[in-house]
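*Asks:* One letter stands for each residue in the lines below.
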Amino acid sequence: MNFSLDTNIILGIANDGDRIHEMSIALIKNKRDDKLVLCKSAIKESHNVLRNRINEVLVEIFKFFPDIYQKPTLSSLDSQALIIESFKKKKSEKPGITNFLNLVFHEISLFLKTKMRSFSS
Amino acid sequence: MENYYPNTQYKSINFILDVFSSDIFEIITWIRRPVVGAVDYLRSMRRLYTVQNELNQISNVDYETRERLLNALTDIVSINIYEEDIGEIEKRLEDKISEMKDFDESFKKLKTFTAKLDAHQQFEVYRLSLIKLNGRISSIRDGIKSKIWDKKENTGQLLVLDQMFFLIQELIKEVIKNPEKVEFWTRIAVSLLKLEAFHRGKITFDELQDYISELSILTLRAESVPKNYNVIFELLEA
Numbered sequence: 001m002n003f004s005l006d007t008n009i010i011l012g013i014a015n016d017g018d019r020i021h022e023m024s025i026a027l028i029k030n031k032r033d034d035k036l037v038l039c040k041s042a043i044k045e046s047h048n049v050l051r052n053r054i055n056e057v058l059v060e061i062f063k064f065f066p067d068i069y070q071k072p073t074l075s076s077l078d079s080q081a082l083i084i085e086s087f088k089k090k091k092s093e094k095p096g097i098t099n100f101l102n103l104v105f106h107e108i109s110l111f112l113k114t115k116m117r118s119f120s121s
Numbered sequence: 001m002e003n004y005y006p007n008t009q010y011k012s013i014n015f016i017l018d019v020f021s022s023d024i025f026e027i028i029t030w031i032r033r034p035v036v037g038a039v040d041y042l043r044s045m046r047r048l049y050t051v052q053n054e055l056n057q058i059s060n061v062d063y064e065t066r067e068r069l070l071n072a073l074t075d076i077v078s079i080n081i082y083e084e085d086i087g088e089i090e091k092r093l094e095d096k097i098s099e100m101k102d103f104d105e106s107f108k109k110l111k112t113f114t115a116k117l118d119a120h121q122q123f124e125v126y127r128l129s130l131i132k133l134n135g136r137i138s139s140i141r142d143g144i145k146s147k148i149w150d151k152k153e154n155t156g157q158l159l160v161l162d163q164m165f166f167l168i169q170e171l172i173k174e175v176i177k178n179p180e181k182v183e184f185w186t187r188i189a190v191s192l193l194k195l196e197a198f199h200r201g202k203i204t205f206d207e208l209q210d211y212i213s214e215l216s217i218l219t220l221r222a223e224s225v226p227k228n229y230n231v232i233f234e235l236l237e238a
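So the sequence lines, in the order shown, correspond to chains D and C.
What the first sequence shows, in the numbering used here, is residues 1 to 121, in sequence order.
What the second sequence shows, in the numbering used here, is residues 1 to 238, in sequence order.
Heads up, some of the hints might be wrong.
[What the hints assert, rightly or not] Pairs of lysine-lysine, DSSO-like flavour, derived with a Cα cap of 30 Å:
{"#": "1", "chain 1": "C", "residue 1": "K152", "chain 2": "D", "residue 2": "K63"}
{"#": "2", "chain 1": "D", "residue 1": "K71", "chain 2": "C", "residue 2": "K151"}
{"#": "3", "chain 1": "C", "residue 1": "K202", "chain 2": "D", "residue 2": "K88"}
{"#": "4", "chain 1": "C", "residue 1": "K152", "chain 2": "C", "residue 2": "K173"}
{"#": "5", "chain 1": "C", "residue 1": "K132", "chain 2": "D", "residue 2": "K88"}
{"#": "6", "chain 1": "D", "residue 1": "K94", "chain 2": "C", "residue 2": "K11"}
{"#": "7", "chain 1": "C", "residue 1": "K116", "chain 2": "C", "residue 2": "K132"}
{"#": "8", "chain 1": "D", "residue 1": "K40", "chain 2": "C", "residue 2": "K109"}
{"#": "9", "chain 1": "D", "residue 1": "K40", "chain 2": "C", "residue 2": "K116"}
{"#": "10", "chain 1": "C", "residue 1": "K145", "chain 2": "D", "residue 2": "K63"}
{"#": "11", "chain 1": "D", "residue 1": "K71", "chain 2": "C", "residue 2": "K145"}
{"#": "12", "chain 1": "D", "residue 1": "K44", "chain 2": "C", "residue 2": "K109"}
{"#": "13", "chain 1": "C", "residue 1": "K116", "chain 2": "D", "residue 2": "K44"}
[What the hints assert, rightly or not] Covered stretches of chain C (in silico footprint by chain D; criterion: 3 or more residues with CB under 8 Å from a CB of chain D, positions within the stretch not fixed):
{"#": "14", "region": "154-168"}
{"#": "15", "region": "204-214"}
Simulated from the structure, these hints should not be mistaken for laboratory data.
Small disclaimer: the values here were computed from a predicted structure and weren't measured.
Just so you know, even glycine gets a beta-carbon here, dropped at the ideal spot from N, CA and C.
Required output: the full structure, derived from the provided sequences and hints.
*Replies:* And the structure:
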């Protein structure tokens, strides 16, 4: 049997911090013997929503990152602690984008692990 | 810029598109006729003299003529463009250029000249032109990166603009590998013209974003986005 997915389910699958992530994965697993037909419009809309949300998070990050990295006296560890604090603050200020803040924070943490030294210089 | 009716609330994007407008015009001509971007190669092959006048005419075009050409071409792309339409769009772009009396002869002659080059020379012309094109877009992206941290600028707008240029560069990489893919050359031209159309207020910010999603799906299918590579981190490293 054919089945299709709407934007919120596609986003739920893509973002493991999404509140419907588990449910979306379960849904897909249940349908493993069926044929998935994805409309291009749904993929495009998902892309648009995901990109806009991530951009929204990045705009927030761009506000506090320079303040952290323009303090030469801060150690790497202190900088990371400040990043975590800033993310927590943003999450409480903007609960609507918490999922995406988590997603971007995860990626940024991985990035900073390898790039911290050159980035802060 | 008396012919412009830009979306005035998008000052951060418009600033970048204003200060790089000559670059954007030039790279559009390179995409339409790659020989324009490979002048030094033609000189080294002692073939430059054959088309020197035509190249000069395109390189030294005055502001009014440039505006007339860009206005005409941006009209063509100010609609929803689906993959299946790309052949038709290519035809319309060429038809429009042939209607422009200032350009028609030069563009025709450059096309014929390129067709007469041997396969190796053609490949070199395409490759060199695309490499230069990629470099020029990197310069524009550097301009965006230097602005994006400025608290007075609209970071969200600049992110979207940078994402558009990032995707254009992904298309360029794809064409460097497969210069025979005409539809990708057209896509690059259309993408640059879409930006110009936005600059001129012919398409909305939402339409531009919709096109970015379309382009993103196209470049993903071409499997041209390397793993562990991300436009976000390019910006963070700026």
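*Asks:* Next, verify each hint and record whether it holds.
*Replies:* Evaluation of the provided hints:
A hinted pair counts as satisfied when its Cα atoms are at most 30 Å apart, and K152/C with K63/D qualifies at roughly 11 Å. Pair hint K71/D plus K151/C holds up; C-alpha atoms about 17 Å apart against a cutoff of 30 Å. At most 30 Å may separate the alpha-carbon atoms for a hinted pair to count; K202/C and K88/D exceed this at roughly 41 Å. Between the alpha carbons of K152/C and K173/C the distance comes to roughly 33 Å, so the proposed pair goes past 30 Å and is violated.
Annotation: proposed proximity of K132/C to K88/D is violated, straight-line Cα distance about 44 Å (limit 30 Å). For the hint linking K94/D to K11/C, the alpha-carbon distance of about 26 Å falls within 30 Å, and the restraint holds. A C-alpha spacing of about 22 Å is found between K116/C and K132/C, which places the hinted pair at or below 30 Å, so the restraint holds. The suggested pairing of K40/D with K109/C is violated, with an alpha-carbon distance near 40 Å, which exceeds 30 Å.
With a C-alpha separation of about 41 Å, the suggested pairing of K40/D with K116/C is violated against the 30 Å cut-off. Restraint check: the Cα-Cα separation between K145/C and K63/D comes to about 14 Å, which is no more than 30 Å; the hinted pair holds. In summary, the hint linking K71/D to K145/C is supported, as the alpha carbons are separated by about 20 Å, within the 30 Å threshold. This hinted pair does not check out: K44/D and K109/C have alpha carbons roughly 40 Å apart, beyond 30 Å.
Using a Cα cut-off of 30 Å, the hinted pair K116/C and K44/D is violated, with the two alpha carbons roughly 41 Å apart. For the region 154-168 of chain C, the proposed coverage by chain D is satisfied: 5 residues have a C-beta within less than 8 Å of a C-beta in that chain, meeting the threshold of three. Restraint check on the region 204-214 of chain C versus chain D: 5 residues with Cβ-Cβ distances below 8 Å, three needed, restraint holds.
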